[in-house]
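Throw the hints in and build the complete structure from the sequences for me.
In terms of our numbering, the sequence shown has 59 at position 59, counting the first letter as 1, and numbering is strictly consecutive.
One or more of the hints may lead you astray.
Unchecked claim - Keeping only pairs whose Cα atoms sit at most 30 Å apart, straight-line, the calculated BS3-like set for lysine-lysine is:
| id | residue 1 | residue 2 |
| --- | --- | --- |
| 1 | K54 | K42 |
| 2 | K42 | K107 |
| 3 | K54 | K107 |
| 4 | K107 | K46 |
Please keep in mind that the hints were generated in silico from the structure rather than gathered at the bench.
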Amino acid sequence: MTTSTSEQPTHFQEKSPSHPGIIQVVREGTPEQFSSRIELLKGFDKGEIVVDLKGLTPGPKRYSSVQVSATEHVELNSDLVYMNHSCDPTMHFDVDTMAIVALRSLKPGDELTFFYPSTEWDMGK
1 MTTSTSEQPT HFQEKSPSHP GIIQVVREGT PEQFSSRIEL LKGFDKGEIV
51 VDLKGLTPGP KRYSSVQVSA TEHVELNSDL VYMNHSCDPT MHFDVDTMAI
101 VALRSLKPGD ELTFFYPSTE WDMGK
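Rendered as structure tokens:
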């Protein structure tokens, strides 16, 4: 079976990357399929901060937000909105320090994923 070019992964280039040199968005399929992902451009050691999250905008619960307390959500406002769920995640949101932290050693090309229930008491979508 052949795959058309439009179904091949492409690097998301609609706007400037939010974290150049750290992550890149890889888009597969159509936007309606929600099949994009984030790949790392560099390696990180276990416990190392991958992205600093300070300064995120408070907002309502929605698919593009992360819950940081029992009553507060913040908008990711960046390419981080393309992070996917995994039961074996590569990172976690440290809501005390407002940082994304590597859960194990990561290499370039690894997907940046998190366990949605680790931050969400109630999912927006």
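Taking the hints in turn, this is what the structure says about them:
Under the criterion of a C-alpha separation no larger than 30 Å, the hint pairing K54 with K42 is consistent with the structure, at around 21 Å. Between K42 and K107, the direct Cα distance comes to roughly 6 Å. Compliance with the 30 Å bound is thereby established for this hinted pair. With a CA separation close to 24 Å, the supplied pair K54 and K107 stays within the 30 Å bound. As the CA atoms of K107 and K46 are separated by approximately 11 Å, the hinted pair is consistent with the 30 Å bound.
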